[in-house]
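Chains as they are written, first to last, in our numbering: chain A, 2 to 354; chain B, 2 to 354; chain C, 2 to 354.
Incorrect hints may have been included.
If several chains are the same, the list does not tell them apart, and a pair holds so long as it fits within one copy or across any two.
Stated by the list, open to error - Only pairs whose alpha carbons sit at most 25 Å apart, straight line, appear in this in silico DSS-like list of lysine-lysine:
#1 200 x 269
#2 341 x 269
#3 200 x 341
#4 299 x 341
#5 303 x 341
#6 200 x 299
#7 288 x 200
#8 303 x 200
#9 269 x 303
#10 341 x 288
Everything labelled a hint here was simulated from the structure, so no lab data went into it.
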Amino acid sequence: MNHNLTLAQLADRLGADLRLAPGADAELVPTGLNTLQDAGPTEVSFLASANYRRFLANTAAGAVLVTDAEADACPVSALVVANPYHAFALATALYDRTPIASPGVHASATVHPDAVVHPQASIAAGAVVEAHAQVGAGAVVGPNTVVGEGSTVGARTRLYANVTIYHGCAIGSDCIVHSHAVIGADGFGFAPGGGQWTKIHQLGGVEIGDQVEVGACTCIDRGALGNTVIGRGVKIDNQVQIAHNVQIGDYSAIAACSAVAGSATIGKHCTIAGGVGVVGHVSVADKTHVTAMTLVTKSIDKAGSYSSGTPFSDSRSWRRSAVRFAQLDEMARRLRDLEKQLAGTAVGSGESD
Amino acid sequence: MNHNLTLAQLADRLGADLRLAPGADAELVPTGLNTLQDAGPTEVSFLASANYRRFLANTAAGAVLVTDAEADACPVSALVVANPYHAFALATALYDRTPIASPGVHASATVHPDAVVHPQASIAAGAVVEAHAQVGAGAVVGPNTVVGEGSTVGARTRLYANVTIYHGCAIGSDCIVHSHAVIGADGFGFAPGGGQWTKIHQLGGVEIGDQVEVGACTCIDRGALGNTVIGRGVKIDNQVQIAHNVQIGDYSAIAACSAVAGSATIGKHCTIAGGVGVVGHVSVADKTHVTAMTLVTKSIDKAGSYSSGTPFSDSRSWRRSAVRFAQLDEMARRLRDLEKQLAGTAVGSGESD
Amino acid sequence: MNHNLTLAQLADRLGADLRLAPGADAELVPTGLNTLQDAGPTEVSFLASANYRRFLANTAAGAVLVTDAEADACPVSALVVANPYHAFALATALYDRTPIASPGVHASATVHPDAVVHPQASIAAGAVVEAHAQVGAGAVVGPNTVVGEGSTVGARTRLYANVTIYHGCAIGSDCIVHSHAVIGADGFGFAPGGGQWTKIHQLGGVEIGDQVEVGACTCIDRGALGNTVIGRGVKIDNQVQIAHNVQIGDYSAIAACSAVAGSATIGKHCTIAGGVGVVGHVSVADKTHVTAMTLVTKSIDKAGSYSSGTPFSDSRSWRRSAVRFAQLDEMARRLRDLEKQLAGTAVGSGESD
Chain A
2 MNHNLTLAQL ADRLGADLRL APGADAELVP TGLNTLQDAG PTEVSFLASA NYRRFLANTA
62 AGAVLVTDAE ADACPVSALV VANPYHAFAL ATALYDRTPI ASPGVHASAT VHPDAVVHPQ
122 ASIAAGAVVE AHAQVGAGAV VGPNTVVGEG STVGARTRLY ANVTIYHGCA IGSDCIVHSH
182 AVIGADGFGF APGGGQWTKI HQLGGVEIGD QVEVGACTCI DRGALGNTVI GRGVKIDNQV
242 QIAHNVQIGD YSAIAACSAV AGSATIGKHC TIAGGVGVVG HVSVADKTHV TAMTLVTKSI
302 DKAGSYSSGT PFSDSRSWRR SAVRFAQLDE MARRLRDLEK QLAGTAVGSG ESD
Chain B
2 MNHNLTLAQL ADRLGADLRL APGADAELVP TGLNTLQDAG PTEVSFLASA NYRRFLANTA
62 AGAVLVTDAE ADACPVSALV VANPYHAFAL ATALYDRTPI ASPGVHASAT VHPDAVVHPQ
122 ASIAAGAVVE AHAQVGAGAV VGPNTVVGEG STVGARTRLY ANVTIYHGCA IGSDCIVHSH
182 AVIGADGFGF APGGGQWTKI HQLGGVEIGD QVEVGACTCI DRGALGNTVI GRGVKIDNQV
242 QIAHNVQIGD YSAIAACSAV AGSATIGKHC TIAGGVGVVG HVSVADKTHV TAMTLVTKSI
302 DKAGSYSSGT PFSDSRSWRR SAVRFAQLDE MARRLRDLEK QLAGTAVGSG ESD
Chain C
2 MNHNLTLAQL ADRLGADLRL APGADAELVP TGLNTLQDAG PTEVSFLASA NYRRFLANTA
62 AGAVLVTDAE ADACPVSALV VANPYHAFAL ATALYDRTPI ASPGVHASAT VHPDAVVHPQ
122 ASIAAGAVVE AHAQVGAGAV VGPNTVVGEG STVGARTRLY ANVTIYHGCA IGSDCIVHSH
182 AVIGADGFGF APGGGQWTKI HQLGGVEIGD QVEVGACTCI DRGALGNTVI GRGVKIDNQV
242 QIAHNVQIGD YSAIAACSAV AGSATIGKHC TIAGGVGVVG HVSVADKTHV TAMTLVTKSI
302 DKAGSYSSGT PFSDSRSWRR SAVRFAQLDE MARRLRDLEK QLAGTAVGSG ESD
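If we strip away everything but chain A, and leave its shape as in the complex, we get:
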């Protein structure tokens, strides 16, 4: 954030129609963004969901991003846009205070003489860039981050502190990789025999498209043969596990703590909630949604929402249901028996089996 945009200028940047409240000043310089409940008179807020409409009437914000339909109900200056949530997202970029890295290689970094680092890239303290690696223009390699032999980091991609990129991986442009993400560790492959495991060396790599975000402590393994592939614009949260030879289609999003097992294919525009498991070798159709902590055990051929698990409740009630779960097959057979008996008893009623 290195600007002093006025409300009028902000409206201009966001393509918003500024409707000033009586007595309000288009030359106000907003100091930041906040929720309708918490924003003060120098802050800009937004109304992105009907759930929050009740906070609009009493907001103390300096201005609010709203749709045309909501503008009349806005007690303060309105920034009228077609999609307030999207406009809010654009505004966050303007008020972001994430430190900007300066180009150049820090004295304590180790860059192999055979690596190719763009003069406009930034290599931070303690970072290591190995032989034949390439770091593009405007890319940032954070403190103590390691870029392995022959790997490439696209233009304007930011690797935060303590990221590890193994050898032979390609990261696109305009990506963000958070701390302690691991790109290109070995997939989990072993041949059993004689009561032991023989390692299957993982000969493939990882390909990550442009505009991908990878969360903290997320692991994307290299392929066994061929590459693990993450499509363009994919967003992956923290502590996600992507196994070898998985393919994730463009613009899909995967929430924290999910895991996709080997050779599974996730379509485009999918949204996978947190804690989901996808077993190996299945494929999931484009635009599929999977709810939290579901285990996907078969391919999903048709877009839709998918779930597994049981509802939660107090442990005592839950335990009663859980005990019965183990008796379900017996219950089903007893139910069938009753139906048969009753069909026999009630012959005259016209019931049949």
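We have chain A already, so just place chains B and C on it with the hints.
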């Protein structure tokens, strides 16, 4: 551990009443702690649970931490205390061999000239402390750990090796942060539109109270607007995911591999077992307990124990129940039909619907 | 990969019987390995499962690893072996391009004068080896990896970049530890009292046998008293959590995102699928298999396959079943009532309760 406490001195430190066994020596210097089963004559043990009482009679320990009620059954010297488990915990501090870090900045560390590092703090090899960061008295920044711009590390807080603290985060005093924990990575926020995701830059930070422990590979994301807040004395195990704007109340404990989604609020003195998921925007009452691998999908208003899931069994039996789970609604309707039929058949019996 | 093995030499290395196709040349130098579908004429493939037999007839591979029984159906040169999957695993070692680390200590590494590093070990840029640590012949300590005080790294063991080994841990020979694994962080132990938690300092260590592989971001905690023990030849995938004082028997394999709670014992030759939880203090018999996302809540005394959870389906169908799950106990009682009523109604039919 840099002492040679005798049994008598140990009793004094722990506030224990030393009742020597016949022939035992109060000047014995215990070499460490061990379980009742494994302790030898120079080791001190403890009886903290009725489950282990059966091991007391045959213990070879030099002395045992016991309650007054158990002291008579102790065949060796007794260290009588009100709460043996708590006394054992205090004793572990005395026999801990975790290396102590020396104050000062290692030659290979990178401390920005605008950072403020207390002369009694320790900055280890390869550590990076960025501009305007502050590190308090007695704090330890481990090898290759990174403290981001403007972040603060309280007095006596220990960050082990390879920790990452992003910019603008505040860690209290007397905390322990284990290796590869990530404090302050971006929350997972994107506005959908046009089949793509627009990043919502995460403008908030993270605030961690005093006496907090954060496990290895645990991630605590920065807030979207406002901070993610971890209360005083909270204990978080390994590989836990705390999303943006979560609030965890004082003295709650969260076991490994659990995840709390965005804007959820966990009360004080809660205990969350391993592998639990808490969905976003819910709140959990003080003193709530959640059992392992439960998914909390709604707010919990009342203290108690909560669960979800099914019991485990051999896969063949489980599969039979699982198949029936998918038929449950049909089974319920058939059961209702039978009840209706039977009510009809048995009119004379006085049954009614 | 620094060889130019011909097909004949490869057969020799793998103990395979080379049966050349008409016109094929034993002096061909294969360039690598690939699947039956994707391999080209300079690549070697393998047929390890009946599922892939349909791809054999049309493969364009230069040669295929097959059993004697499949050799006749192979349209190209056959490398006949008893176990093609095992032979493939051996072959991957020959075509692996993982960079080889040169012996010696990088100028930017920090090795404590009291550490013992074998002259044939490799200590990479930014690595830190603390006092009294030992690193064996041919071992590799990757970039920015930290080996704690008094810990040992066996011969030929490779620690990739950004690994953390705490103090007092022993890693065997011929192990692989992937990036951001954490060996020896504190187990999660606290004594409750007065509404607070008193830390139980974790006085034990970690012992890891020979030929163990530890995945990226996996955590193996140190013991509270005594050690956490990982047996010989154990393979652990990414993001696995092994708590304090767990014991894992020789040659067991644990897939990603699983967690084993404190003091649990896993037998030998077990296979634990992904996302599994094992509660504390239980023991699991040798050769047990646990399916994905199961929670093991009791000891398993007998080898076999074990499961929990529910099948996944579209969310609407799932919701219907889930609602009924909470009514299961009531349904079971209603079923019982019907059986009793029917036994009463149908006296003449000879049914009895």
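(request) Of all the hints given earlier, name the ones this structure violates by number, lowest first. (result) 2, 3, 4, 5, 6, 8 and 10
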